[in-house]
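2 protein chains.
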Amino acid sequence: MSKHRVKFLPHERSAEVEDGTILLRAAMDAGVHINASCGGEGVCGKCRVIIEEGAVEGGASERLKAEDLEKGYRLACRAAVKEDTMVRVPVESDIDASVLNLQATPRKTAHIKTVDFEELKEAGLFIPPMEKIYLELPEPNPQDHLPDVTRLVSFLNLQHDEHRLVVDLPVIRKIPELLREENFRVTATLARPVRKDGQTHIINVQPGDTTGQNYAVAVDIGTTTVYGQLIDLNTGTVMSEYGEFNGQISYGEDVITRLMYAEKPGGLEKLQQVVVGTINKIIDKLVSRASIDCDAISSMAVAGNTTMTQLFLRVNPRYIRRSPYVPAATIYPPIRANDLGIELPEHVTALVYPQVSSYVGGDIVAGIMGSRMYQSEELILYLDIGTNAEVVVGNKDWFACAACSAGPALEGGGIEFGMRAAKGAIEDFSIDPVTLEPMNLTIGNMRPKGICGSGLITIVANLFELGIIDNSGKYNQDLDTPRIRERDGVWEYVLAWQDNTQIDRDITLSEIDIENLIRAKGAIYSGCQTLLEEVGLTIQDLDRIYLAGGFGSFVDLEKAMTIGLLPEMDPNKITFFGNASLMGARMAALTNRLRRDVVEVTKMMTNFELSETPSYMDHYVAALFLPHTDLALFPKLKSRFKNRTAAQKG
Amino acid sequence: MSKHRVKFLPHERSAEVEDGTILLRAAMDAGVHINASCGGEGVCGKCRVIIEEGAVEGGASERLKAEDLEKGYRLACRAAVKEDTMVRVPVESDIDASVLNLQATPRKTAHIKTVDFEELKEAGLFIPPMEKIYLELPEPNPQDHLPDVTRLVSFLNLQHDEHRLVVDLPVIRKIPELLREENFRVTATLARPVRKDGQTHIINVQPGDTTGQNYAVAVDIGTTTVYGQLIDLNTGTVMSEYGEFNGQISYGEDVITRLMYAEKPGGLEKLQQVVVGTINKIIDKLVSRASIDCDAISSMAVAGNTTMTQLFLRVNPRYIRRSPYVPAATIYPPIRANDLGIELPEHVTALVYPQVSSYVGGDIVAGIMGSRMYQSEELILYLDIGTNAEVVVGNKDWFACAACSAGPALEGGGIEFGMRAAKGAIEDFSIDPVTLEPMNLTIGNMRPKGICGSGLITIVANLFELGIIDNSGKYNQDLDTPRIRERDGVWEYVLAWQDNTQIDRDITLSEIDIENLIRAKGAIYSGCQTLLEEVGLTIQDLDRIYLAGGFGSFVDLEKAMTIGLLPEMDPNKITFFGNASLMGARMAALTNRLRRDVVEVTKMMTNFELSETPSYMDHYVAALFLPHTDLALFPKLKSRFKNRTAAQKG
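Top line first, the protein sequences correspond to chains D and R. Residue 738 is where the first sequence starts when you use the working numbering, and the numbers rise one by one after that. Residue 738 is where the second sequence starts when you use the working numbering, and the numbers rise one by one after that.
In short, the hints are calculated from the structure, not lab data. Accuracy of the hints is not assured; some may be wrong.
Identical chains share a label here; the pair holds if one copy fits it or two copies do between them.
As the list claims (entries may be wrong) - Pairs of lysine to aspartate or glutamate, EDC-like flavour, derived with a Cα cap of 20 Å:
1) 1018 to 1153
2) 911 to 1076
3) 1211 to 918
4) 819 to 790
5) 911 to 1000
6) 783 to 804
7) 1001 to 914
8) 850 to 1337
Please put together the full structure from these sequences, using the hints given.
Written as structure tokens, this is what we have:
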């Protein structure tokens, strides 16, 4: 996609944005505030800008008079960038103009990294796990009456130098007819051993030459959502991708309620069936979207947290939630997908990522493998943020990990107007430092319904940076704006008046909401600190941060540092891997090298139970401020605060 | 059991017999003829003998007058030997007395050999495949929260020096509760790898110390009968044994009809279910008879012919009966018994003996392994005689094998009064050389119903030896006895008059019956000859014969040589292994050494299709005489004939 440069006047700030981006988003990226509380539906009509150079698409509105339209006025929330553009933001007061320099820094999100098959090959990491070989076997006759399987195996021995071959029973069952279907011309699928001295299994035989069709399914079983990918094993390409809510949600929103349900009679069996049902639905979509023959699927790789993995495999998860929090196993042997109820050909084996502990599971291990953190020379902090935030720190030589119980605030839970990152969620925000009017950006550019995690972080960071809330998250009650008010004894800021929302109330952010966010970010930050301290390191020793999880791609990194969720670091040193668990599953399906390495990596991972680590509570309490009790940990913020105080005084 | 010596007068011949043996059997063993056509039910009253020394149990009868009883007369067919005894056979004519020396030699059957666990150990062949280890694991606590499986595996690593352990999913599923049942004191069952570099699987974990209970099931799937044994893996003892007719009989009497049924829609599935049903019935009996806990069964070993094996595994057998007679496979991987429908704990894996060809199957391979022929320095001929006779020749360095289509005569099929070796079958026989009156011995000592295989051989051998039939199996029509007669244009000998039988007809043996026997024995003998010739050897090169199959333990070896079924050889060099297939299955369950060796042995076995071997037909035609066209092959018989002719002339 082409990119365009948008320059905002009088700020003299620019952003480079994708074709079609709305002007409001471009302003946010450039660090320019435009009043906009309706989230982009053109309802409030406050986001008037003047197009001075270039042209935009849309942005006309009945709220703009014909003469204004002619002058170049547009609503920033309805105007899409189609070329390089110069935009003037009307500055309605001198005061506004004077605070132009107080604006937040331009928005910075993490660089998104995906796996590259070619890169894998170049790095010498590509050891194909499933190979197809086309064979033209001699036909039997009275002088050559070798058994069918022996005929196949001997031919592979002699003509293809293949040894230590094992032929699985499903193949033996169908081989007599298969060989004769196209006159003993067949394609054999060879599943390679993970260890060099292992055996190669012939898992499938198909009539004719089908070497061009060789696929795998990768699945990430999340507590909330299950994602699948269909992968072409010949090219590494993702043929199709699909996600579904995990059907288990009906039996419990989170891990703990699922674990409780699993203890009921028949509960474990039910949860297993339900998640398998979800996976089957996904596989069905993947296959039909890619229009492939299901029999051409050779393998399946699965990653999920410890609870999801045990439920998927129907392994009693009773002791996961009971101190001392013991999971059943770390490593699971390969399992026939059919045996689990997965609707794939019977030759397909499911490879399941190993677990480290009850709360650091296969999704994290998959992320470590998929991101190739396990080969890094640099010291990396790997963070997967959700209800439970998992933290891994280490490099190619060692790993320490821990799970922090962050609570659901970062996913919009426990926040009065919190919601998941769905349409209508305020996901980005800026505030006019003088008028205290908001600029809300919502997912789908529509009137707001609530606030999602990334929005929450940005709002709190903005409020804090401008001194609207103090470092304990309390509002400055002296500010002169109707947006800051007391309701039922609790102070709050009105993000959007009822008229501008999709709901029947004002959307607000209260001190209680902020407190919940602070607790969540405090748990994560202090978890990282504790883990590092346990291995004799500090936050300052980190070379790089890897972010994983649904969270991350939309979070403004600087804002996350401002509130003390992330350690202060050059945003270029922060890499986002998105669904790293799915990526790890895909990589495991693509190369045996990963399957070999993962066992060692899992053994290397030392797990710390934070609740059993005495220093954790001290670190946690110290982190219950914005950004932290110890401002020395956030030197850039400290220096911005100094400058701001100086500017305000001056 | 104690043995007693029985001496017969005036013959001056003795036999050593088990306590309780009836006198008629003792006479047969001693080579003494006593007229007896009712088989031992005391009906004909012809078998009167006088007890001169010692005492017998029973033998009184209303057919004996009181004064005769007092004189010591008893019916030999009703009198059991209880101590050393001297018995006089009343000689009713001078003629009888003069032919005393023409009697056949005493009966000789093959030495029966069984496996000895201690012998196995001494020979260095004992590599336990399934070991149980009792473990007292440390309990988890906040400082030690290893996952359950990791706890078990680490303990085995550190305390028992066990490495390369794999824990199977069924174990992982139940391990959380199992460990806690008796405070982390458990017994783990370790399935050892066949190859040294393989992995050890932990297939079961039980609470407490169950090391004393470790069992295996061995099964021989015969076309007609399925036999099972429950084996104590700690001691090698057979705990219980049970046999059942193969439920597949309802779908076809023999292999060919089963193969045809398997081609019908759903036929293969049906046959698989039915034989599994039979096996489940057997396992149920084995377990209840031995009163063991089913969960203590660690493994299962199965042997059967190629068709039985493919049907058991539900492997398409379509090409077994179609030229060029190609089976699906030789070697089958271990298969979860549950997956086949076998009602054993889910950790039990079925080891299935490999096949050589369509008609030399796992039962034969099992026999080769179980008899340890594969370690022999001597050149051995291994013969498994049934409807199909399988022949293997070789020693520790090589093997050649073939199947001869013998037809069912040796199992009583195609013989007018033929029957299986069941109660009422004439199984042994002698004939008075002068009166031509028979001495019938039946299974169960009751009036005859028919003739079984071993009886048939003895009858024909006796008739031939005395010149009652010639070398083409035709009766001497000049003999003066009502027992030799023509019926519907076919000559026959009356073995028992209707009154003395359990049926409503005379029991006879016709020239057609004899012809069928000659064809069967000719097929087997010429099969052996052809096979030996193909490898550059002759019958004379053989050091030893191993007999296997239901046939064998009751066959009089000298008689079998007389008719030319077996090559002439010192009977001490013939060993009988009974159900060698079951023995092989049992051995495979007892030691991994066999499982390792069997793959090499199977590869060493060169299969010859007799129908494709040009010389076979010549050998076959030459063998269609008693004992053979070439009498030089039977030197002892030739010399007996010479002496007899001389004696008759003299």
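Tested hints:
Taking CA atoms no more than 20 Å apart as the test, residue 1018 paired with residue 1153 passes in neither setting, with 34 Å inside one copy and 65 Å between copies. Taking CA atoms no more than 20 Å apart as the test, residue 911 paired with residue 1076 passes in both settings, with 19 Å inside one copy and 16 Å between copies. For a Cα distance limit of 20 Å, the shortest separation of residue 1211 from residue 918 qualifies neither inside one copy, at 77 Å, nor across copies, at 53 Å. Taking the shortest alpha-carbon separations for residue 819 and residue 790, only the intra-copy value of 12 Å comes in at or below 20 Å, while the best inter-copy value is 126 Å.
Taking CA atoms no more than 20 Å apart as the test, residue 911 paired with residue 1000 passes between copies only; the shortest distance there is 14 Å, against 41 Å inside one copy. For the identical chains of this complex, residue 783 and residue 804 are intra-copy neighbours only, at 17 Å inside a copy versus 139 Å across copies, given an alpha-carbon limit of 20 Å. Proximity of residue 1001 and residue 914 under a CA criterion of 20 Å is satisfied inter-copy only: 15 Å between copies versus 47 Å inside one chain copy. Taking identical chains as interchangeable, the C-alpha atoms of residue 850 and residue 1337 are never at most 20 Å apart, the minima being 24 Å within one chain and 52 Å between chains.
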